[in-house]
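**Q** Sequence:
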Amino acid sequence: MSKFDEKVALYKKFMDDRNFRSNDDLLAAVTKGLGPSIYKADAETVSGSDAKELATVKNNFLIKKLGLADSKELDAGIEEVMERIGKSERKKYRAVVYYMLVKKFDKESVYGM
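According to my numbering, the stretch in the sequence shown is residues 5 to 117, in order.
Warning: the hint list may mix true and false statements.
[Unchecked claim] Heads up, simulated DSS-like pairs for lysine-lysine below, C-alpha to C-alpha not over 27 Å straight-line:
| id | residue 1 | residue 2 |
| --- | --- | --- |
| 1 | K56 | K11 |
| 2 | K36 | K69 |
| 3 | K95 | K7 |
| 4 | K44 | K107 |
| 5 | K36 | K107 |
| 6 | K91 | K69 |
| 7 | K76 | K62 |
| 8 | K44 | K56 |
| 9 | K11 | K111 |
| 10 | K96 | K62 |
| 11 | K111 | K62 |
| 12 | K91 | K76 |
[Claimed, not checked] Label pairs and their in silico Cβ distance ranges:
| id | residue 1 | residue 2 | range |
| --- | --- | --- | --- |
| 13 | K91 | A45 | 16 to 24 Å |
| 14 | S75 | S6 | 36 to 44 Å |
| 15 | R94 | T60 | 15 to 23 Å |
No lab work stands behind these hints, which were simulated from the structure alone.
Think of the CB as a built atom: it goes at the ideal place given N, C-alpha and C, for glycine as much as any other residue.
Sequences and hints are given; from them, build the entire structure.
**A** As structure tokens, this is what we get:
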């Protein structure tokens, strides 16, 4: 199993352990889109309490990658995903957060799904 496949399996297990349904192909595509950041401990996770980090998620992923217009709905979507994962969860994996945002905003088409 490649290191990439190990990471996808880790994220899948994380989601399964919390009873989050997932599409394996979409999860793999989102993970692949993150590039080498998934192999760096700090970049692999999202801090749900860091406003700067959440702004990066909004600007670099939701607006630039998914092509969504800036709005309060984006902030509310990020907040909803953080709540679903759990505020107390220390490891909010970026791939899982992004996957959940893709599903939330019905943007699977960005990944050819």
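**Q** Look at each hint and say if it fits the structure.
**A** To see whether the hints hold, each was checked on the structure:
For a cut-off of 27 Å, the pair hint linking K56 to K11 stands: about 25 Å separates their Cα positions. Taking the CA atoms of K36 and K69, the gap is about 13 Å. The hint holds against a cut of 27 Å. With a C-alpha separation of about 19 Å, the suggested pair K95 and K7 falls inside the 27 Å cut-off, and the hint holds. Distance check on the hinted pair: K44 and K107 sit about 25 Å apart at the alpha-carbon level, within 27 Å; holds.
A hinted pair counts as satisfied when its Cα atoms are at most 27 Å apart, and K36 with K107 qualifies at roughly 16 Å. The straight-line distance between the Cα atoms of K91 and K69 is roughly 25 Å, inside the 27 Å bound, and the hint therefore holds. The hinted pair formed by K76 and K62 meets the criterion: a straight-line CA distance of about 11 Å does not exceed 27 Å. For the suggested pair K44 and K56, the alpha carbons sit about 19 Å apart, so the restraint of at most 27 Å is met.
As the CA atoms of K11 and K111 are separated by approximately 22 Å, the hinted pair is consistent with the 27 Å bound. Distance check on the hinted pair: K96 and K62 sit about 15 Å apart at the alpha-carbon level, within 27 Å; holds. With a C-alpha separation of about 14 Å, the suggested pairing of K111 with K62 holds against the 27 Å cut-off. Proximity of K91 to K76 is assessed by CA-CA distance (about 20 Å); at most 27 Å being required, the pair is judged to hold.
Judged by the Cβ atoms, the range 16 to 24 Å given for K91 and A45 holds: they are separated by roughly 20 Å. For the hinted restraint 36 to 44 Å between S75 and S6, the CB-CB distance of approximately 38 Å keeps it satisfied. One distance hint, 15 to 23 Å for the beta-carbon pair R94 and T60, holds here, with the actual separation near 19 Å.
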